[in-house]
Amino acid sequence: MTLELSRREFLKASAAVGGGLSLQFSFPLLAKPGAAAKATEVTAWVVIHPDETVAIRIARSEMGQGTMTALAQLVAEELECDWSKVRAEFASPNEHVRRNRIWGSMSTGGSAGVRASQDYVRKGGAAARHMLVTAAAVEWGVPTYECTVDKGVITHPATKRSTTYGKMAAKAATYAPPKDITLKDPKEWKIAGKPVKRLDIPDKVLGKPVFGVDVQVPGMLHASVAQCPVFGGKVKSVDASAAEKMRGVKKIVREGNFVAVVADNWWRAHQALKQVKIEWDVGANGDVSDASIDKLFREGLAATNLPEARKIGNTAAAFATAAKVIEAEYSSPYLNHATMEPQTCTAWFKPDGTLEVWTSTQNAEASMAAASEVSGIPQDKIEVHKPMLGGGFGRRGAPQDFVRQGVAIAKQMPGTPVKMMWSREEDMQHGFYRPASLVQMKAGLDSQGNIVAMHTKIACPSILALLRPEGIQKGIDFSAVRTFNDMTYTIPNQQVDYAMRNPHVPVGFWRAPGLQNAHYRECFIDELAHAAGKEPLAFRLAMMKPDDKNRRVLEAAAKAANWGSTLPVGVFRGIAQADGFGSFSAMVAEVSVSPAGELKVHRIVFAIDSGHVVNPDTCAAQAESNVVYGLGALLYQSHKVKDGRIQESNFNDFPLPKLTDMPKVETVLVPSGGFWGGHGEPGILALTPAICNAIFAATGKRIRTLPLKAEDLKRA
Amino acid sequence: MITLQVNGKTLNLDVEPDMPLLWALRDAAGMLGTKYGCGIAQCGACTVHVDGEPVRSCVMPVSAVAGKKITTIEGISAKGMNAVQKAWVEHEVPQCGYCQTGMIMAATALLAKKPKPTDADIDDAMTNLCRCGTYARVRKAIHAAAADLGKAKTAKPAAQKA
Chain A
1302 MTLELSRREF
1312 LKASAAVGGG
1322 LSLQFSFPLL
1332 AKPGAAAKAT
1342 EVTAWVVIHP
1352 DETVAIRIAR
1362 SEMGQGTMTA
1372 LAQLVAEELE
1382 CDWSKVRAEF
1392 ASPNEHVRRN
1402 RIWGSMSTGG
1412 SAGVRASQDY
1422 VRKGGAAARH
1432 MLVTAAAVEW
1442 GVPTYECTVD
1452 KGVITHPATK
1462 RSTTYGKMAA
1472 KAATYAPPKD
1482 ITLKDPKEWK
1492 IAGKPVKRLD
1502 IPDKVLGKPV
1512 FGVDVQVPGM
1522 LHASVAQCPV
1532 FGGKVKSVDA
1542 SAAEKMRGVK
1552 KIVREGNFVA
1562 VVADNWWRAH
1572 QALKQVKIEW
1582 DVGANGDVSD
1592 ASIDKLFREG
1602 LAATNLPEAR
1612 KIGNTAAAFA
1622 TAAKVIEAEY
1632 SSPYLNHATM
1642 EPQTCTAWFK
1652 PDGTLEVWTS
1662 TQNAEASMAA
1672 ASEVSGIPQD
1682 KIEVHKPMLG
1692 GGFGRRGAPQ
1702 DFVRQGVAIA
1712 KQMPGTPVKM
1722 MWSREEDMQH
1732 GFYRPASLVQ
1742 MKAGLDSQGN
1752 IVAMHTKIAC
1762 PSILALLRPE
1772 GIQKGIDFSA
1782 VRTFNDMTYT
1792 IPNQQVDYAM
1802 RNPHVPVGFW
1812 RAPGLQNAHY
1822 RECFIDELAH
1832 AAGKEPLAFR
1842 LAMMKPDDKN
1852 RRVLEAAAKA
1862 ANWGSTLPVG
1872 VFRGIAQADG
1882 FGSFSAMVAE
1892 VSVSPAGELK
1902 VHRIVFAIDS
1912 GHVVNPDTCA
1922 AQAESNVVYG
1932 LGALLYQSHK
1942 VKDGRIQESN
1952 FNDFPLPKLT
1962 DMPKVETVLV
1972 PSGGFWGGHG
1982 EPGILALTPA
1992 ICNAIFAATG
2002 KRIRTLPLKA
2012 EDLKRA
Chain B
501 MITLQVNGKT
511 LNLDVEPDMP
521 LLWALRDAAG
531 MLGTKYGCGI
541 AQCGACTVHV
551 DGEPVRSCVM
561 PVSAVAGKKI
571 TTIEGISAKG
581 MNAVQKAWVE
591 HEVPQCGYCQ
601 TGMIMAATAL
611 LAKKPKPTDA
621 DIDDAMTNLC
631 RCGTYARVRK
641 AIHAAAADLG
651 KAKTAKPAAQ
661 KA
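Line order of the protein sequences matches chains A and B.
Take the first sequence: its position 387, counting from 1, is numbered 1688 in my numbering, and each next residue is one higher.
Take the second sequence: its position 52, counting from 1, is numbered 552 in my numbering, and each next residue is one higher.
These aren't lab readings, by the way, just hints derived from the structure by calculation.
Don't take every hint at face value.
[To be verified] Covered, in the sense of this in silico footprint (three residues per stretch, anywhere, with C-beta under 8 Å from a C-beta of chain B), are these stretches of chain A:
hint: 1; stretch: 1509-1515
hint: 2; stretch: 1685-1696
hint: 3; stretch: 1980-1986
[Said to hold, decoys possible] Just so you have them, the derived chain B footprint on chain A, three or more residues with Cβ under 8 Å:
hint: 4; stretch: 1360-1372
hint: 5; stretch: 1493-1501
hint: 6; stretch: 1556-1568
hint: 7; stretch: 1630-1636
hint: 8; stretch: 1640-1652
[What the hints assert, rightly or not] Distance condition first, Cα-Cα at most 25 Å in a straight line; then the derived DSS-like pairs of lysine-lysine:
hint: 9; chain 1: B; residue 1: Lys640; chain 2: B; residue 2: Lys653
hint: 10; chain 1: A; residue 1: Lys1959; chain 2: B; residue 2: Lys586
hint: 11; chain 1: B; residue 1: Lys613; chain 2: A; residue 2: Lys1498
hint: 12; chain 1: A; residue 1: Lys1386; chain 2: A; residue 2: Lys1339
hint: 13; chain 1: A; residue 1: Lys2010; chain 2: A; residue 2: Lys1943
hint: 14; chain 1: A; residue 1: Lys1551; chain 2: A; residue 2: Lys1575
hint: 15; chain 1: A; residue 1: Lys1498; chain 2: B; residue 2: Lys579
hint: 16; chain 1: A; residue 1: Lys1959; chain 2: B; residue 2: Lys613
hint: 17; chain 1: A; residue 1: Lys1965; chain 2: B; residue 2: Lys616
hint: 18; chain 1: A; residue 1: Lys1468; chain 2: A; residue 2: Lys1488
hint: 19; chain 1: A; residue 1: Lys1386; chain 2: B; residue 2: Lys586
hint: 20; chain 1: B; residue 1: Lys586; chain 2: A; residue 2: Lys1498
hint: 21; chain 1: B; residue 1: Lys640; chain 2: A; residue 2: Lys1965
hint: 22; chain 1: A; residue 1: Lys1386; chain 2: A; residue 2: Lys1472
hint: 23; chain 1: B; residue 1: Lys651; chain 2: B; residue 2: Lys586
hint: 24; chain 1: A; residue 1: Lys1468; chain 2: A; residue 2: Lys1480
hint: 25; chain 1: A; residue 1: Lys1495; chain 2: B; residue 2: Lys586
hint: 26; chain 1: B; residue 1: Lys579; chain 2: A; residue 2: Lys1386
hint: 27; chain 1: B; residue 1: Lys651; chain 2: B; residue 2: Lys579
hint: 28; chain 1: A; residue 1: Lys1495; chain 2: B; residue 2: Lys640
hint: 29; chain 1: A; residue 1: Lys1578; chain 2: A; residue 2: Lys1480
hint: 30; chain 1: B; residue 1: Lys640; chain 2: A; residue 2: Lys1959
hint: 31; chain 1: A; residue 1: Lys2015; chain 2: A; residue 2: Lys2002
hint: 32; chain 1: B; residue 1: Lys616; chain 2: A; residue 2: Lys1959
hint: 33; chain 1: B; residue 1: Lys568; chain 2: B; residue 2: Lys509
hint: 34; chain 1: B; residue 1: Lys579; chain 2: B; residue 2: Lys613
hint: 35; chain 1: B; residue 1: Lys651; chain 2: A; residue 2: Lys1959
hint: 36; chain 1: A; residue 1: Lys1651; chain 2: A; residue 2: Lys1551
hint: 37; chain 1: B; residue 1: Lys640; chain 2: A; residue 2: Lys1901
hint: 38; chain 1: B; residue 1: Lys586; chain 2: A; residue 2: Lys1965
hint: 39; chain 1: B; residue 1: Lys613; chain 2: B; residue 2: Lys640
hint: 40; chain 1: A; residue 1: Lys2010; chain 2: A; residue 2: Lys1901
Using N, Cα and C, we set each Cβ at its ideal position, and we do this for glycine too.
Bound-form chain A, shown alone (with noise of 0.2 Å):
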């Protein structure tokens, strides 16, 4: 029997769950249970229940970043509540649209959810703050500055009067909310700046049905999708006469260039799906492979006249008086996001002509607006449900093929839920990949071993000419040249040239877009410094400006590590630096090579100024997470292409980490203050040139391509 809930009882159970969680599978397009129509909102950020929980609403997604937790810590530091009572909502997508995009930007990336959005949601706490406290001086009649708050408690000392958030929030909704907020010094943070548990963590560990694969809808079936191994190619012909017998099948969709099954149970989908017929017109891409991509990208790297992401002084007359000109060539893979949870998408076409869809995304406005033009729905008759994300780290954002997908399946349902979720095989066969790129670099030093000039070539498909090409200015990608062209280094002669050569595997914003520049450029300098015979934190110092906030995460994470400090036998350290995503970071790293090339990374030293600290455990998870992702690209991971495909297609021939690669990870926080940065992507960038660094320490050999390969690290 397979187990159906009929809408009363789902409703039923979706209230008993309980938690902010839980909320993203009702239905705001439908009658709101009771208990919730007596909830306030204070302030768009700010709902008060009669029982004096707090509910913040949450703009950005919750990938495991933990983002809503630190921006509910912003809001709450200001409103004064008791974190206690404390619970996070997701903001409506919905609502958004019909209020007039009151909630800010809904997207979730580039380590921005918190810094971009602190100073307005500190400002719904703060005034939500102002008018519970005028509630409660007008209904006394004193002045507000004579009442006092704290967690949720207003009081009046002089005539010992107090009262709550939860009996003043209906008055103080009444008012507008003030136009001149000062916000608190963070020196006066109680409850942002501290290690508050996470609010979403209890429910995960519950296995409760938080991710959007959990999504259930009452007569909801589900679907498992066949795109076009080629990219770009398109369905030709279906032949899907076995399939429509398999049981519990319902449906073979086809589109222009996919094929779906949809029946009452995924797996019965997916085995129907192996046995549908689909000829495919892969279009002009066919014989594209890893030979075709390079012979692009040298030939984009031969090109004159190329566009010039930076260029200071005169490289070439430097070159020419130069003691030495060292040069050398790195390369790295295209690859995967690999998020845990596969892309899936939940929509429904409902009788009154409204659209459901619930869907792991990063940003939820994208989401909505590939709906409305898949569907033909206006926006403001469609919502569009946030659930946790099962990983993110950019596959979720710009790219909304998956909504695109699921919308377009549960259109030639109408009326029926359809819940798409792609095979693990899929989804690694039709990502936004991490381009690939070819980067030669060279560089002179001057007698005293100093470097007196650099140019980089770049040779990198490019994100923004697939996914926002308006941000394409003289031909230069950002994220193809970054930590090249915003070098810190106070090199003299600087040039910065940018083949953008796109074969056609999508690219897509993957944890901390332009990474392989900071690996390269780290890399390289080490390089440059073992030739100068330098030591390589003096080497980088040497060239850091003294007010350079580099300099300072530079020498904190040196101290931390104890740099310089006599290791263990066969144990070395290697060191990198970048900024990236409003922050500052740097890295030691502690590696042994064993005879037979075997590596070992011993350890981790990270050190961040992120300017203020919101979390500072969850800044820790943060640096731990982005070691690991890092050492996936390092040890184990690339994509081969061939015949225009990706040849890996799961977990076997794209590796992730495992516990035993885990090195140990000390975070060090040195926030100075006055800016905000990010977390969710700094830690990746000095990671790989931080390890590659001491492999040359321990080894006297080069990583140039990633990723490692064992007989790279053998000894002589």
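We have chain A; now place chain B onto it with these hints.
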């Protein structure tokens, strides 16, 4: 019709004998805590217990586990959270959390066998994959849960004496 014993309850599910247990649980029984990650027993997000042993349910046909005692994340603790789940909360282990129910199932099975696991025991038992990189906290939380369970054991006889 397949009869399964899940979390102490009998489930009669109208599913094919070769349907993997994962899909019988998720789509036929509506128990969504067990996750699909790879379908080829690589990642462990689908880990459940069969007769106390951690098993990757994505490759386990339901016919092979009929009549056996199956425990999922929903049934891992009779009331509230078990010691592993509590340690997971205390040490803030999950990030996205998608792989974590499988991790908790694997860790609970490990502690049932080895109440005081060494780091090497943890290395051997915890082969689950996590893309967010929670591994250091997984290790820490397993040691903490082991200590917690050890304390509870020694506290019990003392309490009885009193």
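Evaluation of the provided hints:
1. For the stretch 1509-1515 of chain A, the assignment as covered by chain B holds, since 6 residues bring a beta-carbon within under 8 Å of that chain's beta-carbons and 3 suffice.
2. Restraint check on the stretch 1685-1696 of chain A versus chain B: 6 residues with Cβ-Cβ distances below 8 Å, three needed, restraint holds.
3. With 0 residues carrying a beta carbon less than 8 Å from a beta carbon of chain B, the stretch 1980-1986 of chain A misses the three-residue requirement, and the given coverage is violated.
4. Chain B is given as covering the stretch 1360-1372 of chain A, and this holds because 4 residues of the stretch bring a CB closer than 8 Å to a CB of that chain, at least three being needed.
5. With 3 residues having a beta carbon nearer than 8 Å to a beta carbon of chain B, the stretch 1493-1501 of chain A meets the requirement of three or more and the stated coverage holds.
6. Counting residues of the stretch 1556-1568 of chain A whose beta carbon lies closer than 8 Å to any beta carbon of chain B gives 4, which meets the minimum of three for the stated coverage.
7. For the stretch 1630-1636 of chain A, the stated coverage by chain B is not satisfied: 0 residues place a CB nearer than 8 Å to a CB of that chain, which falls below the threshold of 3.
8. Under a criterion of three residues with beta carbons nearer than 8 Å to beta carbons of chain B, the stated coverage of the stretch 1640-1652 of chain A is upheld, 4 such residues being counted.
9. About 20 Å separates the Cα atoms of B/Lys640 and B/Lys653, which keeps this hinted pair within 25 Å; it holds.
10. Our distance criterion of 25 Å between C-alpha atoms is met by A/Lys1959 and B/Lys586, whose separation comes to about 23 Å.
11. About 30 Å separates the Cα atoms of B/Lys613 and A/Lys1498, which puts this hinted pair outside 25 Å; it is violated.
12. Between the alpha carbons of A/Lys1386 and A/Lys1339 the distance comes to roughly 17 Å, so the proposed pair stays at or under 25 Å and holds.
13. Distance check on the hinted pair: A/Lys2010 and A/Lys1943 sit about 20 Å apart at the alpha-carbon level, within 25 Å; holds.
14. For the proposed pair A/Lys1551 and A/Lys1575, the alpha carbon gap of about 15 Å is at most 25 Å, so the pair holds.
15. The suggested pairing of A/Lys1498 with B/Lys579 holds, with an alpha-carbon distance near 22 Å, which does not exceed 25 Å.
16. About 22 Å separates the Cα atoms of A/Lys1959 and B/Lys613, which keeps this hinted pair within 25 Å; it holds.
17. Proximity of A/Lys1965 to B/Lys616 is assessed by CA-CA distance (about 22 Å); at most 25 Å being required, the pair is judged to hold.
18. A distance of roughly 30 Å separates the Cα atoms of A/Lys1468 and A/Lys1488; the hinted pair therefore is violated under the 25 Å criterion.
19. The hinted pair formed by A/Lys1386 and B/Lys586 meets the criterion: a straight-line CA distance of about 20 Å does not exceed 25 Å.
20. Under the criterion of a C-alpha separation no larger than 25 Å, the hint pairing B/Lys586 with A/Lys1498 is consistent with the structure, at around 13 Å.
21. Simply put, B/Lys640 and A/Lys1965 have alpha-carbon atoms about 12 Å apart, close enough for the 25 Å limit, and the pair holds.
22. A C-alpha spacing of about 20 Å is found between A/Lys1386 and A/Lys1472, which places the hinted pair at or below 25 Å, so the restraint holds.
23. Annotation: proposed proximity of B/Lys651 to B/Lys586 holds, straight-line Cα distance about 14 Å (limit 25 Å).
24. Of the pairs offered as hints, the one joining A/Lys1468 and A/Lys1480 holds, with about 24 Å between alpha carbons and a cut-off of 25 Å not exceeded.
25. The suggested pairing of A/Lys1495 with B/Lys586 holds, with an alpha-carbon distance near 21 Å, which does not exceed 25 Å.
26. Our distance criterion of 25 Å between C-alpha atoms is met by B/Lys579 and A/Lys1386, whose separation comes to about 23 Å.
27. Of the pairs offered as hints, the one joining B/Lys651 and B/Lys579 holds, with about 19 Å between alpha carbons and a cut-off of 25 Å not exceeded.
28. Using a Cα cut-off of 25 Å, the hinted pair A/Lys1495 and B/Lys640 holds, with the two alpha carbons roughly 21 Å apart.
29. Between A/Lys1578 and A/Lys1480, the direct Cα distance comes to roughly 63 Å. Violation of the 25 Å bound is thereby established for this hinted pair.
30. A threshold of 25 Å between alpha carbons decides the hint, and for B/Lys640 with A/Lys1959 the separation of about 15 Å falls inside it, so the pair holds.
31. In summary, the hint linking A/Lys2015 to A/Lys2002 is supported, as the alpha carbons are separated by about 9 Å, within the 25 Å threshold.
32. Between B/Lys616 and A/Lys1959, the direct Cα distance comes to roughly 22 Å. Compliance with the 25 Å bound is thereby established for this hinted pair.
33. With a C-alpha separation of about 12 Å, the suggested pairing of B/Lys568 with B/Lys509 holds against the 25 Å cut-off.
34. Taking the CA atoms of B/Lys579 and B/Lys613, the gap is about 21 Å. The hint holds against a cut of 25 Å.
35. Distance restraint check for B/Lys651 and A/Lys1959: the Cα-Cα separation of roughly 30 Å exceeds the 25 Å cut-off, and the hinted pair is therefore not satisfied.
36. Taking the CA atoms of A/Lys1651 and A/Lys1551, the gap is near 18 Å; set against the 25 Å cutoff, the hint holds.
37. Only pairs whose Cα atoms come within 25 Å are accepted, and B/Lys640 paired with A/Lys1901 is accepted, the gap being roughly 20 Å.
38. Annotation: proposed proximity of B/Lys586 to A/Lys1965 holds, straight-line Cα distance about 23 Å (limit 25 Å).
39. A hinted pair counts as satisfied when its Cα atoms are at most 25 Å apart, and B/Lys613 with B/Lys640 qualifies at roughly 18 Å.
40. Restraint check for A/Lys2010 and A/Lys1901: satisfied, since their Cα atoms lie roughly 13 Å apart, inside the 25 Å limit.
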